[in-house]
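Enquirer: One line per chain: the protein sequences are A and B, in this order.
Residue numbering for the first sequence follows numbering that gives the first Met the number 0, starting at 0 and increasing by one per position.
Residue numbering for the second sequence follows numbering that gives the first Met the number 0, starting at 0 and increasing by one per position.
Don't take every hint at face value.
Some chain B residues well away from chain A (every beta-carbon gap over 10 Å; in silico) [to be verified]: (1) I19; (2) Y58; (3) L484; (4) G618; (5) K619.
Selected chain B positions facing chain A (in silico; Cβ < 8 Å) [as the list claims (entries may be wrong)]: (6) R121; (7) T124; (8) A551; (9) Q621; (10) V625.
These are computed hints drawn from the structure, not numbers from a lab.
In this text the structure is predicted, and so the values were computed from the model without any measurement.
We put the beta carbon where it would ideally sit given N, CA and C, even for glycine.
Chain by chain, the residues:
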Amino acid sequence: MFEPGLIHILFISTALFFIGVFGFFTRRNLITILMSVELILNSVNLNFIAFNKYLWPDKLDGLFFTIFIIAIAAAEAAVAIAIIINLYRSHHSIDVSNAEEMKY
Amino acid sequence: MLNATYIALIPLLPLAGFIILGLFGRKYIKNSSGIIATILLLAATVLAIYTAYGYFFEYGKVNGVYEKLIPLKYTWLQFSGGVSIDMGIMLDPITCMMLLVITFISLMVHIYSLAYMKGEERVATYYSFLGLFTFSMLALVISSNIFQIYIFWELVGLSSFLLIGFYYDKPSAVAACKKAFIVTRFADLGFLIGILMLSFYSGTLDFNTLIERLTSPGSAELSSALSMSFMGISVLTWAMILVFIGAAGKSAMFPLQIWLPDAMEGPTPVSALIHAATMVVAGVFLVARLFPIFALSAPEALELVAYVGAISALLAAIIACAQTDIKRVLAFSTISQIGYMMFALGVSKYGGESGLGYTASMFHLFTHAMFKALLFLGAGSVIHFIHSNEMKDMGGLRKYLPVTHVTFLVACLAIAGIPPFAGFFSKEEILSAAFQNNMIIYWIGLFTSGLTAFYMFRLYFGIFWSKEHETHAEHHDEGGFAMLLPLILLGIGAAAAGFIPFGNFVSSDGSALESHFNLNMTIAPVAFSLIGIVTAMWLYKTQNNKPDKIAASISGLYKAAYHKFYFDEMYLFVTKKILFNLIAKPAAWIDKNVVDGLVNATGNTTVFVSKKIKRIQSGKVQQYAVYFLVGAVAMAVLFIYWWK
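From just these sequences and the hints, can you work out the full model?
Expert: Written out as structure tokens, the structure is:
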């Protein structure tokens, strides 16, 4: 049976990362942008797990970091959604291109 | 026997008055502010009398010599070695005499002001300023350290500024107080430099040590100060000349006399205080305090003191003859009398019989305080009655102001030196001291005393005799008990102060000086004074046109004297034309174009750059994210490929 190596997993995580970055820059809907951020974070998580498993299988540092990042991501999602709700209340839209009053 | 606490209370009581009235006077205790200040000052006066009595009759004299006592000394700032700024009390004969004079005159002024300033809106402010003034002057005379004296010296300048400018809505008063402050401040610069030089060479700021080190022949400090010389004059003499410049500024000596006549803009009782007991005699006091150094180690500086005093005495007397504002006449007579005190110090030597000038100067300071305060308070009564300062509005007032008339006459006789009034004795001593040492100054003094009698009686006849104005009858009365009591007390002082055997108490070296009253010496000054009085009587007793004719016949001199010999114009020329055009204007140009230019250039550059780059801040979040990514990538590239 095919046993995936480190390189395959890194490939997936890189792909996930750039999909996230692309979404972050191109999408106008704030919810989608938030989802893109989650993609980026999870690609990093995948990296941690992969390196931990393949290079130092007797240690758990990568796992700890991953759990930590998941917690952070949850908090960040809460804050982001609060911002989104407030933006919706003031602009009746969650399109970032509508909220650009804070400029020169 | 000697308890420093109550001596310290003498200046602190007026200070307490200043603080209480300054903080609460305007709102809470406005109507009783005068009473509070007067009671505090009365307490200070009693303490001063007690102190002076104790010093002169109980513990001051050791082996027939009055010692300099230091009952209190607190080191405030310690510099290297022996140089320290102390706050202390020094008691010696002139301090005790000054304590008496200042508290007494100030008390008279306080009482007088109760009536004179009645109805004034800012009466609490007035009394608080009076308290500050009295405090600074009292603290000045008890100073044991030359830097302490400088501190209170400046404080006197400040409080006189406040009092002269009391009517701050009058432009002339504002100009006068600024003038007084700037002129005296300018002179104080000389004093400060003098202090620094003295302390540099003697290594101390303490009066006793300073005088001891700089007068004992052969001491290291004295020889070092004498060996250095600048322009052919020793450094010590320069230092003393600089100190004297400070003294001349405060005492309104030639050529720094210009501020004093304008200082008449303040309330009249303030003029009495400034001119009789406080500010203007501070200069004389300073020279007297440092007299041993002047006399023993810097005789050239002392000679300068003598000539400056004599010139001021003569010049001011001539100017006084042509003035028409009665307060200005009195102001110039003050300059003239202070000039007397200065040249009396100038012709004196240290110790023994030849120290007569020193005693005479202090004696004249004492008697002058009495009759000059009386003259000013009398003038205040007249102004209060007439509401004018001009002599032409007065005349025939003897019927309406009987007490003022008699006391004013006493003061005029005293200042003219007619026996047996106070001025006669002190002036006689001054002139005999001058006679022994310097004939030029003696003749100047003699001539000035004739002029003094002339212009004082010109004033007296002009106010109280001459032609009566018909408007007088409708005026109110003389001003009540509070105004008359000081006049009467000062009148007694002006009449009787001359009988004090002053030489027993105050002399240059502390040992008693026998007053050797020489009848021959009195003939000339009394004769000159009588000539002056008779001339004034002939010209001014009744309304006539003789004064105008005489003024017309010497119109050049008269005009020059009327315009105070154009000193103000000269100063204006020097400051406006020379200082402003040659120094201030280029400095202003540099400030505007170079200094401001640099600041403006910085600002303009910032504005220019920010206008160019402000578009970056577009408000689009995702654009910011792109910048962030580009930055992060650039950093990554940098770290990976360059940062080995």
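Enquirer: Hint by hint, note whether the structure agrees.
Expert: Tested hints:
Interface exclusion of I19(B) from chain A stands, the closest Cβ pair being 58 Å apart, more than 10 Å. Every CB of chain A is more than 10 Å from the CB of Y58(B) (nearest about 84 Å), matching its label as outside the interface. Once the 10 Å rule is applied to beta carbons, L484(B) is consistent with being away from chain A; the minimum gap is 78 Å. Listed as outside the interface, G618(B) is inconsistent with that label: its C-beta sits roughly 3 Å from the nearest C-beta of chain A, within the 10 Å cut-off.
With a least CB separation of 5 Å from chain A, K619(B) falls inside the 10 Å interface cut-off, contrary to its annotation. For R121(B), the interface hint is violated, since its Cβ never comes within 8 Å of a Cβ in chain A; the closest pair sits about 55 Å apart. Contact between T124(B) and chain A, as hinted, is not supported at the beta carbon level, the nearest pair being about 54 Å apart and thus beyond 8 Å. Because the beta carbon of A551(B) sits about 81 Å from the nearest beta carbon in chain A, more than 8 Å, this interface hint is broken.
Satisfaction of the interface hint for Q621(B) is found here, the shortest Cβ-Cβ separation to chain A being roughly 6 Å, below the 8 Å cut-off. The criterion of a C-beta within 8 Å of any C-beta in chain A is met by V625(B), whose closest approach is roughly 6 Å, and the hint holds.
In summary, the numbered hints that this structure violates are 4, 5, 6, 7 and 8.
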